[in-house]
Amino acid sequence: MRLTKFYLPTLRQAPSDCDTVSAKLMFRAGMIRKLSSGIYEWLPLGLRVLKKVEQIIREEMDKIGGLEVWLPHLLPKEPWVETGRWYVYGDELFRLKDRKGAEFCLSPTAEEIITSLVRNELRSYRQLPVMFYQFGTKFRDEIRPRFGVIRAKEFYMKDAYSFHKDETDAEEYYTKVVDAYSKIFKRCGLKFLIVEATTGPIGGKFSHEFMVVRTNNTANSSQSKNIPEIAGEETIVYCSYCNYAANIEKAECSYEISQNIQPEKLPLEEVYTPNKKTVEEVSLFLNEPPEKFIKTLVYVEPLPENKNVHNVYVVLVRGDYEINETKLKEKLGVHNIILADNNLVEQIFNVPVGFLGPINLAVVNISVVNKYFLVADRSVEYIVNGISGANKKDFHIKNINIYRDFSPDIIEDLRNITLSDPCPKCKSKSLKFSKGIEVGHTFKLGTKYSKSMNATFLDENGKEQFYVMGCYGIGVSRIVAAAIEQSYDEDGIIWYPTIAPFSVYLLPIDYKDKEIKHTTDKIYDILTKNNIEVLFDDRDERPGVKFKDADLIGCPIRITVSKKTLPDNVELYIRKTKQTKMVTHQDIVKEITATIELLKQI
RNA sequence: CGGGGUGUGGCUCAGUUGGAUUAGAGCGCAUGGUUCGGGACCAUGAAGUCGUGGGUUCAAGUCCCACCACCCCGACCA
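Just so we're aligned: 531 in the working numbering is position 523 of the first sequence, and the numbers increase by one with no gaps anywhere.
What the hints contain is simulated information worked out from the structure, not anything from laboratory work. Among these hints, one or two may not hold up.
[Said to hold, decoys possible] The calculated lysine-lysine pairs, modelled on DSSO-like cross-linking and capped at a C-alpha distance of 30 Å, are:
hint, residue 1, residue 2
1, 379, 337
2, 379, 59
3, 586, 443
4, 194, 584
5, 537, 59
6, 59, 443
7, 85, 173
[Claimed, not checked] Label pairs and their in silico Cβ distance ranges:
hint, residue 1, residue 2, range
8, 79, 392, 53 to 61 Å
9, 402, 275, 19 to 27 Å
10, 367, 21, 56 to 64 Å
11, 360, 103, 47 to 55 Å
12, 426, 24, 44 to 52 Å
13, 180, 360, 52 to 60 Å
14, 415, 342, 19 to 27 Å
15, 548, 24, 28 to 36 Å
Note that the Cβ used here is the ideal one computed from N, Cα and C, for glycine as well.
Please work from the sequences and hints to get the whole structure.
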């Protein structure tokens with residue numbers, strides 16, 4: 009591709025609203041532009057990378073028997089009502105109406121659609137297993153789009169759905185998909201972790217996320233201050249001893265009986281704690297460690313029919329721990345809970361925030377409360393002679409003991425795991441945190457969708473069975489950004505060869521010079537004939553401009569043609585390692601091919 | 001949705017105690033010239049509803065009100 013025939017609007021400065029390295033570089037390199045918050049235009053250079061990634065995914069999906077289809081993006085309401093997701097998906101679903109008033113949504117995912125297709129088409133166990141996949145735009149009305157294309161309202165995704173005759177077959181296939189996904193991300197040059205994850209609104213039995221993580225492990229060294237954290241939004245917890253890894257939302261906390269010596273349970277004692285509200289303040293004031301505190305939080309779930317009436321969940325957790333709202337929602341079986349604000353808390357209990365506690369906590373305003381539950385994290389079970397609010401302004405109570413002084417309706421694992429927790433798998437104290445970008449997610453769905461949509465086939469015995477399903481997503485556009493997050497330097501992007509927009513940046517120092525022009529044209533010709541993708545900078549620009557753009561765009565190899573090395577040689581420069589090497593025209597194809605192979609190994 | 005912030009040529013920003021006249025600069029863009037191995041220089045030029053709407057005033061980019069958009073900090077997902 010000749011640069012004068014291409015469209016490559018590079019920028020010296022990134023727009024000020026770019027919030028991550030990848031977004032800045034994608035803008036600067038002329039890959040994307042922003043139309044609106046979370047909505048991006050892909051320019052020719054960016055699209056080339058996107059298509060490379062797409063093709064790698066396609067090949068690996070085909071290898072495990074995937075069949076590519078193309079499903080609509082504009083979806084009718086009815087299948088979504090069948091599964092109930094029309095109601096539970098919430099505000100993230102873009103909804104719209106046609107001129108007749110019929111309701112539609114823009115596809116955020118396609119379980120319903122594919123299931124409705126399959127239930128009409130596949131009737132026999134002989135046709136199973138089968139996996140359909142597609143590439144397409146997905147729409148999600150994200151609360152807060154961020155990080156460039158990493159979290160967008162409209163994004164490019166590969167989604168796949170498999171159908172099986174039984175659980176065993178589905179699980180076998182699941183591992184095949186996980187394997188294929190690993191190959192895909194490796195082929196894209198990504199360093200990633202496979203972590204246990206929660207299933208969210210997709211649902212199902214279990215799921216794994218593929219997380220792109222920061223490559224350098226210098227997090228704790230003093231020099232690392234300059235290296236920004238990878239722009240991931242997910243916190244991953246992993247064990248440096250065994251191979252355990254999970255999204256923090258998912259990681260289960262273990263509970264061990266701490267000491268053999270159980271202290272004597274003392275009688276309750278009310279203490280005056282004027283204006284001391286937070287665990288920290290009271291802890292300091294009473295000179296008691298946060299571990300002895302029972303933190304009392306009020307979560308509410310507004311009723312859909314009347315938002316002023318709530319189901320109220322008072323949630324208890326040890327003072328030094330944090331509630332994990334994903335776990336809370338899951339364990340309570342609710343979708344929509346929020347931490348109540350101070351006014352609401354006072355309205356319900358007539359106790360100011362900061363002085364709530366589990367003992368004799370009572371709803372005083374029945375009109376705003378539908379149901380009321382006292383919920384406790386497991387950590388609370390192990391607190392002896394604990395401290396909590398007295399349900400009275402400026403007072404706390406000491407020596408609180410569970411079961412003697414109060415009894416929760418529900419006790420579950422509801423908190424975030426911490427670094428001082430033992431590993432959920434091997435129990436060693438070797439946990440670490442990392443940030444990650446979720447680029448893929450696999451779900452073992454089971455029969456959730458087939459049952460709710462009555463999608464069945466006939467088995468060997470002529471008996472009607474529900475399909476056992478799996479679904480598998482990859483954020484294609486997100487991979488592009490993640491790849492940059494993992495591979496760049498102060499001059500620009502450094503592409504891994506398999507997804508680079510072009511393998512070679514061909515740079516004549518002065519294209520108007522006859523000898524240089526002649527040689528460069530010849531090289532361009534040879535490379536093109538040998539199917540090496542080359543971006544030929546035939547602009548009449550000063551060398552510095554060309555070098556800067558070449559570095560910014562980050563093709564793995566740059567070939568520089570100049571008087572300095574002619575007539576025999578040209579210069580081959582490796583973007584990643586910054587090595588240069590003289591090569592002859594005859595050897596150029598061989599050298600480039602070898603270098604690319606080498607770069608794939610690094 | 002809550003809290004904080006910003007809206008001025010394509011990009012980065014200045015100007016904002018109400019006024020000077022014709023709203024500026026750098027980059028980018030166009031034309032011509034000198035340059036040519038790491039974002040050159042000179043000259044000329046095009047390009048702006050000062051986010052939108054209302055208000056105060058002799059006078060508003062500047063003050064007031066409303067709205068909109070965008071960004072940052074908290075709850076979702078590939």
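- Query: Could one say that the CB atoms of residue 402 and residue 275 fall in the range 19 to 27 Å?
  - Reply: holds (21 Å)
- Straight-line Cα separation of residue 586 and residue 443 no greater than 30 Å? holds (29 Å)
- Task: Would you check the hint for residue 379 and residue 337, treating anything up to 30 Å between C-alpha atoms as holding?
- Result: The given pair, whose Cα atoms are some 16 Å apart, holds under the 30 Å limit.
- Query: Is residue 194 within 30 Å of residue 584, Cα to Cα?
  - Reply: holds (18 Å)
- Message: Within 53 to 61 Å: is that where the Cβ-Cβ distance between residue 79 and residue 392 falls?
- Response: Holds - the Cβ-Cβ distance for residue 79 and residue 392, about 57 Å, lies within 53 to 61 Å.
- Should the hint that residue 415 and residue 342 are 19 to 27 Å apart at their CB atoms be regarded as holding? holds (22 Å)
- Message: Can you confirm whether the C-alpha distance between residue 85 and residue 173 stays at or below 30 Å?
- Response: Status holds; Cα separation ~28 Å.
- Query: Between residue 360 and residue 103, does the beta-carbon spacing fit 47 to 55 Å?
  - Reply: violated (40 Å)
- Query: Should the hint that residue 426 and residue 24 are 44 to 52 Å apart at their CB atoms be regarded as holding?
  - Reply: 37 Å Cβ-Cβ, so the 44 to 52 Å window is violated.
- For the pair supplied as a hint, residue 379 and residue 59, confirm whether the alpha-carbon distance does not exceed 30 Å. Violated, because 52 Å separates the two Cα atoms, which is more than 30 Å.
- Message: Check whether the Cα positions of residue 59 and residue 443 lie no farther apart than 30 Å.
- Response: holds (27 Å)
- Message: Against the range 56 to 64 Å, how does the distance between the Cβ atoms of residue 367 and residue 21 compare: consistent or not?
- Response: holds (60 Å)
Of the numbered hints listed earlier, those contradicted by the structure are 2, 11, 12.
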